[in-house]
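Please take these sequences and the hints and turn them into a complete structure.
For what it's worth, UniProt numbering labels the leading residue of the sequence shown as 1, then goes sequentially.
Because the hints were derived from the structure by calculation, they are not lab data. Among the clues, some could well be false.
[Unchecked claim] Distance condition first, Cα-Cα at most 16 Å in a straight line; then the derived EDC-like pairs of lysine to aspartate or glutamate:
| no. | residue 1 | residue 2 |
| --- | --- | --- |
| 1 | Lys209 | Asp147 |
| 2 | Lys209 | Asp220 |
| 3 | Lys180 | Asp201 |
[Said to hold, decoys possible] Simulated restraints, written as ranges between beta carbons of each label pair:
| no. | residue 1 | residue 2 | range |
| --- | --- | --- | --- |
| 4 | Ser205 | Gly92 | 36 to 46 Å |
| 5 | Asn140 | Thr36 | 40 to 50 Å |
| 6 | Ser77 | Lys130 | 43 to 53 Å |
| 7 | Ala167 | Ser189 | 26 to 36 Å |
| 8 | Gln190 | Ser223 | 13 to 23 Å |
| 9 | Ser131 | Ser234 | 41 to 51 Å |
| 10 | Gly233 | Ile55 | 23 to 33 Å |
| 11 | Gly183 | Asp220 | 16 to 26 Å |
| 12 | Lys130 | Asp220 | 27 to 37 Å |
| 13 | Ser77 | Leu181 | 25 to 35 Å |
| 14 | Gly92 | Ile245 | 14 to 24 Å |
| 15 | Ala121 | Ala167 | 31 to 41 Å |
| 16 | Pro166 | Ser56 | 29 to 39 Å |
C-beta: ideal position from N, C-alpha, C; glycine also.
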Amino acid sequence: MRRSRLAAYATSLLLAAGTALTGATTAQASQQAAPTGYVALGDSYSSGVGAGSYISSSGDCKRSTKAYPHLWAAANSPSSFNFTACSGARTGDVLASQLGPLGPNTGLVSLTIGGNDAGFADVMTTCVLKSDSACASRINTAKAYVDSTLPGRLDSVYSAIRAKAPAAHVVVLGYPRFYKLGGTCPGLSQNKRSAINNAADYLNSAIAKRAADHGFTFGDVRSVFTGHELCSGSAWLHGLNLLNIGESYHPKAAGQSGGYLPVFRQVA
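Quick look at the structure:
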């Protein structure tokens, strides 16, 4: 009788140990299989146009080693890093050519997108070169597009990201306000500066709403750029650069490292 009890006790200990080992092995395997790859999508604000130090193989996409995705990856060593953001990209470009690296192992995705769809370049050109009324009119056209068409375009991009990377934490970053108000600002009236800033707010609100509806995180960079707008005396943005038009109104290296990177780091 005693021997039978001892045998039963020994058997139960072995079973318990085996269960514990199996559970530990399963947990370890699950931890090892956790998706940890990082994919950076989007337009020139994510590729790093204006920051310099462009990766030669990126060509006209102008991906910079000083852009926030590259800086974050260098500091955090994700299991993989794919940088497909490209200068001039619109929502259709993201869908057509940037989503390839996404997959089950993608744990983090970042992007800025929507500004080019809304006519960012043409708005700035109109407001810099033409009258206050022409600037206001062009901005109203952009706002109408943001109301009527952009939400559907963003939905297509966000849905495609989720479908291809179901486990990823997706961070959608917005755009800064461009101008400091008050004081003097060569070439631009107070009315124009205010209208451009309001347009940035309008665009950010639309992007944030669509991101939230998809369960994504919105990273708002406006507060960190406060005090570093154009005409602030300590700008993190390029103004109009006739020698390099493409870099005009884009973040400098300081705007990437001091503006976009801290916001992304906080919500990634």
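Here is how each hint holds up against the structure:
{"no.": "1", "hint": "Lys209 - Asp147", "result": "holds, 12 Å"}
{"no.": "2", "hint": "Lys209 - Asp220", "result": "holds, 12 Å"}
{"no.": "3", "hint": "Lys180 - Asp201", "result": "holds, 14 Å"}
{"no.": "4", "hint": "Ser205 - Gly92: 36 to 46 Å", "result": "violated, 22 Å"}
{"no.": "5", "hint": "Asn140 - Thr36: 40 to 50 Å", "result": "holds, 44 Å"}
{"no.": "6", "hint": "Ser77 - Lys130: 43 to 53 Å", "result": "holds, 48 Å"}
{"no.": "7", "hint": "Ala167 - Ser189: 26 to 36 Å", "result": "violated, 49 Å"}
{"no.": "8", "hint": "Gln190 - Ser223: 13 to 23 Å", "result": "holds, 22 Å"}
{"no.": "9", "hint": "Ser131 - Ser234: 41 to 51 Å", "result": "violated, 29 Å"}
{"no.": "10", "hint": "Gly233 - Ile55: 23 to 33 Å", "result": "holds, 32 Å"}
{"no.": "11", "hint": "Gly183 - Asp220: 16 to 26 Å", "result": "holds, 25 Å"}
{"no.": "12", "hint": "Lys130 - Asp220: 27 to 37 Å", "result": "holds, 30 Å"}
{"no.": "13", "hint": "Ser77 - Leu181: 25 to 35 Å", "result": "violated, 41 Å"}
{"no.": "14", "hint": "Gly92 - Ile245: 14 to 24 Å", "result": "holds, 23 Å"}
{"no.": "15", "hint": "Ala121 - Ala167: 31 to 41 Å", "result": "holds, 35 Å"}
{"no.": "16", "hint": "Pro166 - Ser56: 29 to 39 Å", "result": "holds, 34 Å"}
Checked against the numbered hints above, the structure violates hints 4, 7, 9 and 13; every other hint is satisfied.
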